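S.K.: If you want the building blocks of each chain, they are given just below.
There are 6 protein chains.
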Amino acid sequence: MPAVITFGEIMLRLTSPGHQRFAQAPGFEITFGGAEANVAVMIAQLGGRAEYITRLPDNDIAQRAIDELRGLRVGVDGIVRGGDRIGVYYLEQGASQRAGKVIYDRAHSAIAEARPGDFDWKKIFSGAGWFHWSGITPALSAAAAALSAEACEAARAEGMTISFDMNYRTKLWTQAEAGAVLTPLMQHVDLCVCGLEEARGVLGIEGESEAEVAARLKERFGFRMVAMTQRHADSANQTRWGAMLFTETGVFTSARHDIAIVDRVGAGDSFTGALIFSLSRGDDPQRAIEFAVAASALKHTVPGDYNRVTLGEVETLAAGGHGGRVQR
Amino acid sequence: MPAVITFGEIMLRLTSPGHQRFAQAPGFEITFGGAEANVAVMIAQLGGRAEYITRLPDNDIAQRAIDELRGLRVGVDGIVRGGDRIGVYYLEQGASQRAGKVIYDRAHSAIAEARPGDFDWKKIFSGAGWFHWSGITPALSAAAAALSAEACEAARAEGMTISFDMNYRTKLWTQAEAGAVLTPLMQHVDLCVCGLEEARGVLGIEGESEAEVAARLKERFGFRMVAMTQRHADSANQTRWGAMLFTETGVFTSARHDIAIVDRVGAGDSFTGALIFSLSRGDDPQRAIEFAVAASALKHTVPGDYNRVTLGEVETLAAGGHGGRVQR
Amino acid sequence: MPAVITFGEIMLRLTSPGHQRFAQAPGFEITFGGAEANVAVMIAQLGGRAEYITRLPDNDIAQRAIDELRGLRVGVDGIVRGGDRIGVYYLEQGASQRAGKVIYDRAHSAIAEARPGDFDWKKIFSGAGWFHWSGITPALSAAAAALSAEACEAARAEGMTISFDMNYRTKLWTQAEAGAVLTPLMQHVDLCVCGLEEARGVLGIEGESEAEVAARLKERFGFRMVAMTQRHADSANQTRWGAMLFTETGVFTSARHDIAIVDRVGAGDSFTGALIFSLSRGDDPQRAIEFAVAASALKHTVPGDYNRVTLGEVETLAAGGHGGRVQR
Amino acid sequence: MPAVITFGEIMLRLTSPGHQRFAQAPGFEITFGGAEANVAVMIAQLGGRAEYITRLPDNDIAQRAIDELRGLRVGVDGIVRGGDRIGVYYLEQGASQRAGKVIYDRAHSAIAEARPGDFDWKKIFSGAGWFHWSGITPALSAAAAALSAEACEAARAEGMTISFDMNYRTKLWTQAEAGAVLTPLMQHVDLCVCGLEEARGVLGIEGESEAEVAARLKERFGFRMVAMTQRHADSANQTRWGAMLFTETGVFTSARHDIAIVDRVGAGDSFTGALIFSLSRGDDPQRAIEFAVAASALKHTVPGDYNRVTLGEVETLAAGGHGGRVQR
Amino acid sequence: MPAVITFGEIMLRLTSPGHQRFAQAPGFEITFGGAEANVAVMIAQLGGRAEYITRLPDNDIAQRAIDELRGLRVGVDGIVRGGDRIGVYYLEQGASQRAGKVIYDRAHSAIAEARPGDFDWKKIFSGAGWFHWSGITPALSAAAAALSAEACEAARAEGMTISFDMNYRTKLWTQAEAGAVLTPLMQHVDLCVCGLEEARGVLGIEGESEAEVAARLKERFGFRMVAMTQRHADSANQTRWGAMLFTETGVFTSARHDIAIVDRVGAGDSFTGALIFSLSRGDDPQRAIEFAVAASALKHTVPGDYNRVTLGEVETLAAGGHGGRVQR
Amino acid sequence: MPAVITFGEIMLRLTSPGHQRFAQAPGFEITFGGAEANVAVMIAQLGGRAEYITRLPDNDIAQRAIDELRGLRVGVDGIVRGGDRIGVYYLEQGASQRAGKVIYDRAHSAIAEARPGDFDWKKIFSGAGWFHWSGITPALSAAAAALSAEACEAARAEGMTISFDMNYRTKLWTQAEAGAVLTPLMQHVDLCVCGLEEARGVLGIEGESEAEVAARLKERFGFRMVAMTQRHADSANQTRWGAMLFTETGVFTSARHDIAIVDRVGAGDSFTGALIFSLSRGDDPQRAIEFAVAASALKHTVPGDYNRVTLGEVETLAAGGHGGRVQR
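Chains as they are written, first to last, in my numbering: chain A, 1 to 328; chain B, 1 to 328; chain C, 1 to 328; chain D, 1 to 328; chain E, 1 to 328; chain F, 1 to 328.
Worth flagging that the hints you see were computed from the coordinates, not collected in a lab. The structure displayed is predicted, hence computed values, not measured ones. There could be a bad hint or two in this list.
Which copy is meant is left open, so a pair is good if it fits within one copy or across any two.
List time: in silico DMTMM-like cross-link candidates among lysine to aspartate or glutamate, alpha-carbon distance up to 25 angstroms [stated by the list, open to error]:
| no. | residue 1 | residue 2 |
| --- | --- | --- |
| 1 | Lys101 | Asp258 |
| 2 | Lys218 | Glu248 |
| 3 | Lys218 | Glu29 |
| 4 | Lys218 | Asp120 |
| 5 | Lys123 | Glu113 |
| 6 | Lys218 | Glu153 |
| 7 | Lys218 | Glu158 |
| 8 | Lys123 | Glu313 |
| 9 | Lys122 | Asp190 |
| 10 | Lys101 | Asp234 |
| 11 | Lys171 | Asp84 |
| 12 | Lys101 | Glu29 |
| 13 | Lys171 | Asp60 |
| 14 | Lys122 | Glu210 |
| 15 | Lys171 | Glu248 |
| 16 | Lys218 | Asp190 |
| 17 | Lys122 | Glu29 |
| 18 | Lys101 | Asp58 |
| 19 | Lys101 | Glu315 |
| 20 | Lys171 | Glu113 |
| 21 | Lys123 | Glu153 |
| 22 | Lys122 | Glu150 |
| 23 | Lys123 | Asp58 |
| 24 | Lys171 | Asp58 |
Just chain A, with the same shape it has in the complex:
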């Protein structure tokens, strides 16, 4: 399996422990995460080859982010050092009717202030087969949007498969702004992961059902595949989780999982990472969507952005799996 390259921003995540609010926690738990890094970790944890590309300053906090990725088997040799700061996000986990809360402190980060030319894409993509990016990076700054375009073009030139996760963030830009920046880049995308509301609000594609929207997205932008995750009966503690994969050969829908949530952040990224992994190894669409949903169902049970699960655990759950009894 050729390596997957993912590109974006990784942040220091500071989480108040347990159910404590920001106002009362004596400390923050330290982890790291970011949509594209989470995808890379998912692939590497499953046994695939993944490289993560970003720009990070030369300080101990950023170094820790890199060392942790390396420990998780993600390639980090392409990370460029420079800039002033690593982005930070503060996370307060929700509970029942109280929603989880994120405070972003990511402006002026090293990657937001990177410039086209900072990355040697030709070298980065050499020997790799898949490029993944998301709609967060272009939202960071005009330069980061230009970088995203540069990367897409370079990847296309190398003949790589390109996947894209919309990841629309209301705290970063408006839907109109997102649409203006992202629409011209959609031509480079093979696999698009997005939601119904994102398709409508950002890309202007409407429809009665997910399948219909996916078909129109394909028609409009030439995507080879569209994947959509689905949440229902959603509270801070509980969710029902599934997904749909639209391909040239049909619409494939996964089983639904009722999940008691430990940490939902990064669930979508683990879905995308597992989907890339599964498709890359040649799984058929039905198997791929079941696999990706199982992987991301398990993510909801793992603290931190990264999905620390094994291939075996995902396969077991995708296959119908044991319940939650202790294995001994």
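Place chains B, C, D, E and F on chain A using the hints.
M.R.: Just chains B, C, D, E and F now, kept in the frame of chain A:
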């Protein structure tokens, strides 16, 4: 909105972490709480003006209780210093079939040993508009009961609105004792918060329904309003929570909230605080009961006695609210 | 009530806190446990007399295991010191679809390397009335199997009641191996605790229902009683728990409890311990099975292998119990 | 070696972790301690037999104190249950120029409200050889002082050796009050542990040197032995520690230990416990004072009131000992 | 005593616990601090009136900083809300030869992006008597430098006493840059706190001794007083600490304190705060410098930037003080 | 700089937090370490290339050890998977007169049960230039001793430089046993790190001074270099640390560092790793010994076996260094 004065006992709360039993916890988490202090905090967190009145000894533990209240925007200038100790309560959170457990160590506290005359009620009530007390304070000691009466009379003399929460505690006194002490004080009460069983056991008022009991309470004691919270399907982890407000214009019942519980202590107090806040700002009864129930539903998700939520969070939930998704 | 003697292996249990995976926990929580020690603790916590017999090395970790048992009111004077190590097991709690995970590191433990003759059974059983062992000990080593047989014979010679919990562990031996070793020892057993699958796979007894299997077990091995716990709707967070007791006078089935799980390890052992306690004090079979199920339902809410509950808490739940409200 | 009986008050100790002040600690560490319980634990840890006598209420906190003592091999069968509360003391560890701080909340404890007749001294002392008490118990209440006298008389009647540690506490009574209560009880004391300032202020015995004061104490009260610990160069982090034992055969002075302090509370009690242990097993005075000082030097390095060290560790240090290298 | 107004930047401080390096800590301890906020807290803790002025964004982290200050009795009503972020600094405590380490992430903070006119200085200074600022604020941005000048001029116009602490930070600007910005502002300063190297490098004042440099500073800039703290024998664990105060009536030197360090950050600020407090209440220079040094010696023993000590503790140490024995 | 290969056993290290004894810690901190892994980490942290060779079982605990090494930039591709367990060692940090304590539970580990032939040394050494091993590995088992010999011969055949650290462990074997096994292997060693007592007791080389012993070691075994670390004034909290390097060109002695100890385990390994690094990059002997001593002095301040310091930090201290002031 004129200030609300609440009066009672605040205790050091020592909680064994997570689901650990008293026998196995290596340490206790430190918070503070008490029915009337909890009401004051709720009002202050929502943006209202609240002052808390009690008597506390001159040591570092009591000082911390005061400083924490000040940090939470509760007025503490009326707190009298003296006495030997701050009351303590040990809390073990329940789980599933195992009930939560409280060990009170509050006898001989500074407020239980306060004497009529210790407080300058005229000065305390100057500029304020509402007085709140509960049935716990008279249960502490004969002197504290006399103090409660003294406060009620002073408040009445100042023309303040008076609210009262029954808060019957089996570990402090019998229903008969409570009835004997509380009944003569009911004449000073405008808004009475109590439960069906409390109305019957302590005040001797029976009825088929909550509305009927409320009507008889009004008739018997002259209350302008009666509020009752309602729990159903209740376990240590899960509850269904709602409330009823009986006023001169009718009976108003809130929506029900199914809650996964983080910390249920203080939920009733946050209900009362939010109800006072809502009524004080002129909300109509239906809106007030929805608001108070939403605030106290959120309390179940916040560790500690105090309800650390914002006005916006309460309004959102009262209005039907988003689910528990992370806001980002 | 005469003392109950239990014999087996106790291990250091190292648990990753909260829902953290082995890969990410900064530390392990320290507790101790083992099937037969858990039974002894249950009996002692309920107020019965229990002695625990094992072999442990002479180091501070093993000493702590012993001191903790003594603190929990279990007799430890019969524990023999020697050998090189105390067994260890690493526990990762599951969540939702992610199963709990145990890594055993118990080979070469002091008890696995004990030899027949290491224990003075006559002295150990003097003044006691009941002997409990499980199918784990014979699985540890040939010597431990021989020791188990030696203990059973000595107990029989002293006229003691003997109970046995199958506790089949796939990580220790195959069903065929277990069957070969355990079958000849079944003649010494009065009360057998096992599951349907264990009865079939290890002892070769099949049947349509639990009652039928129990009847055949009695017929085949001469058991006076057979107890079976029952799990349904089981996930890492949630279970439905009940049990059946088959005796000479009939089949007795308990109420079912829907449980939100805190820590399920040791639940079966607390069931067995409470059943022994209840039968020893002369409860009738229906009462005994309700009591044992209530005790073990509560175990699911207590962190650690040991069931830290009181007689009163069990009686209350067995009698239909209060819900999970805080008692104050 | 016959059992040593110690009698007094045990408290819940709530310590702010690390160097945190009361105002800032998110939690308290839970341990238990009290002068006489500490003595009993020291003796039991060294391998001697010790029983602890007190009165404690029937709640989970007090039960934990008892269970912990039993775990530490102290006999607890003579503890009487009753009363309302276990005393509490809050401890803030000092650092450098900042002194450690204790807040006592021990008034109205079960033992302070015990009454003569509550204890069956004849049964308690049966089979024991040594009785130890301290000057703290009579300071708790008039009843506790009467109980102390009752215990001394009963011990004397049984022909037991009696040791006494002055432990004067300015927060409990004045020197004059202490003198009035303690002086008549000194006739029952064989071994008196006190300081120069205590001898002068409480018992009215002055002198130029410790030896001179000890001689006069012996002359005045008939003590067979007087022991005095000595601190020099004392800060919250560092101390120089030694002791003197005055006996009928001379004055014996220990080596001095320069100690980096972890937790100094209970150091004096471990000295007394180790001295009793050493004298009881027949050590000569010089060996006894070296042993007791070594044991209590080690106490400074152990968190909590109790001196969790082994006989071997004390012997090694008393014999000149290795340094602090890791033993591997 | 009229209120002291301090103005500057407060940051979230994220400290790795104990002696852990940034690379290995599982979490960060949360406190807040900043040179001028630390001064305000010191004054308020001692019983003086202090108000803190800054600009902070409207998020939960900034709100916590404000609420904590209010809890500590610092006036916060003058704080302006706006901007995007609160500055952050990461702190790794040093040990022995390993120096403590600070990573600043304070660029683009709300106060760095404040503009002249954002603060109503006339209202802020109304009723106050002393204004304190430091050399950090002008280093943040040109706008912040202009704001500092604006504040000084307004304070001068109100006839307030103005104190200034150089606090030169190599990570924020060069000595030359500092000199260019700060020199014209020195005309507004009454009390200047700086070090020898700062005086030389930033203000261009040299001399053989501290007294000589102070005299020249006074001569050159018209300071009424110059204070200098002095460190010797300094390692991450240990320091020798004292100070000198130069006034119109002479040079006053404090006693030296040998300090075992818990947390040295903020020590200089607590010195300045205590000096302002002491001078404000009319202490003579010798008493003031002893008091300020004692207060700041104690700061070294308190975790966090803020000096959580009482007036009594400072007075005791300034008067020669007790050692570090537990007070009980 | 060509890669350094180190070979040996890595263990799970379970440390009781702070100064807690094994008997009282609620949990263990998780780190990993082992003499040769520690050397590899030191080299990698300094920027050198290091590969670590061992055998580890296929479970999550061992996987974590590997992933952590990879994160720390140590090559792990040569690690062989197999066997039943990873060794464990329990560590209790000492304090003052109380020595640190290690309990080894390493028997039957995967590496102790490895067999000659398990490692493809030719491939492992390809492209590398230095091989490091220690006297611990041959102590584990006869097979591990044979493996050590096999590795040395293969390294010699590849023309690699070989370093050896005696690391005599009394808990693993006697000096006589060590001597019998190690003496024949000394012919392969270029750089020998040992202590005076080890040289005498294990290798039978005596002498008046370190230089004399080193000279005789060189003469007897043909070592090109001998390095000896030196501890003085050693307690659990404090040590004086230096070293000597004997080479063909003379005896080089480092400066002495007075160290306040945070964690001394692994200090010797960091010395050896830094020495290898320094010699490998061509430093002269005096610079190398200063560098190695500085690196290992810093190790005493870092929790865990691994020396998490940077090249810059070591260079600064080796050059005379700043004190412990916070760098900001």
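S.K.: Determine for every hint whether it applies to the structure shown.
M.R.: Each hint, compared with the structure:
1. Lys101 / Asp258: both (22 angstroms within a copy, 21 angstroms between copies)
2. Lys218 / Glu248: within (9 angstroms within a copy, 62 angstroms between copies)
3. Lys218 / Glu29: neither (41 angstroms within a copy, 49 angstroms between copies)
4. Lys218 / Asp120: neither (31 angstroms within a copy, 52 angstroms between copies)
5. Lys123 / Glu113: Within one copy only: 22 angstroms inside, 40 angstroms across.
6. Lys218 / Glu153: within (20 angstroms within a copy, 64 angstroms between copies)
7. Lys218 / Glu158: within (22 angstroms within a copy, 59 angstroms between copies)
8. Lys123 / Glu313: The answer is neither: 34 angstroms in one copy and 33 angstroms across copies each exceed 25 angstroms.
9. Lys122 / Asp190: Close inside one copy (20 angstroms), not across copies (45 angstroms); limit 25 angstroms.
10. Lys101 / Asp234: Only inside one copy: Lys101 and Asp234 sit 15 angstroms apart there, 28 angstroms across copies, limit 25 angstroms.
11. Lys171 / Asp84: both (22 angstroms within a copy, 12 angstroms between copies)
12. Lys101 / Glu29: both (15 angstroms within a copy, 20 angstroms between copies)
13. Lys171 / Asp60: The answer is between: 15 angstroms across copies meets 25 angstroms, while 28 angstroms in one copy does not.
14. Lys122 / Glu210: Close neither inside one copy (36 angstroms) nor across copies (58 angstroms); limit 25 angstroms.
15. Lys171 / Glu248: Classified as neither; 34 angstroms inside a copy, 46 angstroms across copies.
16. Lys218 / Asp190: within (9 angstroms within a copy, 66 angstroms between copies)
17. Lys122 / Glu29: Neither, since 37 angstroms and 43 angstroms both go past 25 angstroms.
18. Lys101 / Asp58: Close across copies (14 angstroms), not inside one copy (29 angstroms); limit 25 angstroms.
19. Lys101 / Glu315: Result: close only across copies, 16 angstroms inter versus 32 angstroms intra.
20. Lys171 / Glu113: both (18 angstroms within a copy, 20 angstroms between copies)
21. Lys123 / Glu153: within (14 angstroms within a copy, 41 angstroms between copies)
22. Lys122 / Glu150: within (11 angstroms within a copy, 44 angstroms between copies)
23. Lys123 / Asp58: Cα proximity of Lys123 and Asp58: one copy only (22 angstroms, versus 35 angstroms across).
24. Lys171 / Asp58: Classified as between: cross-chain Cα gap 14 angstroms, same-chain 27 angstroms, threshold 25 angstroms.
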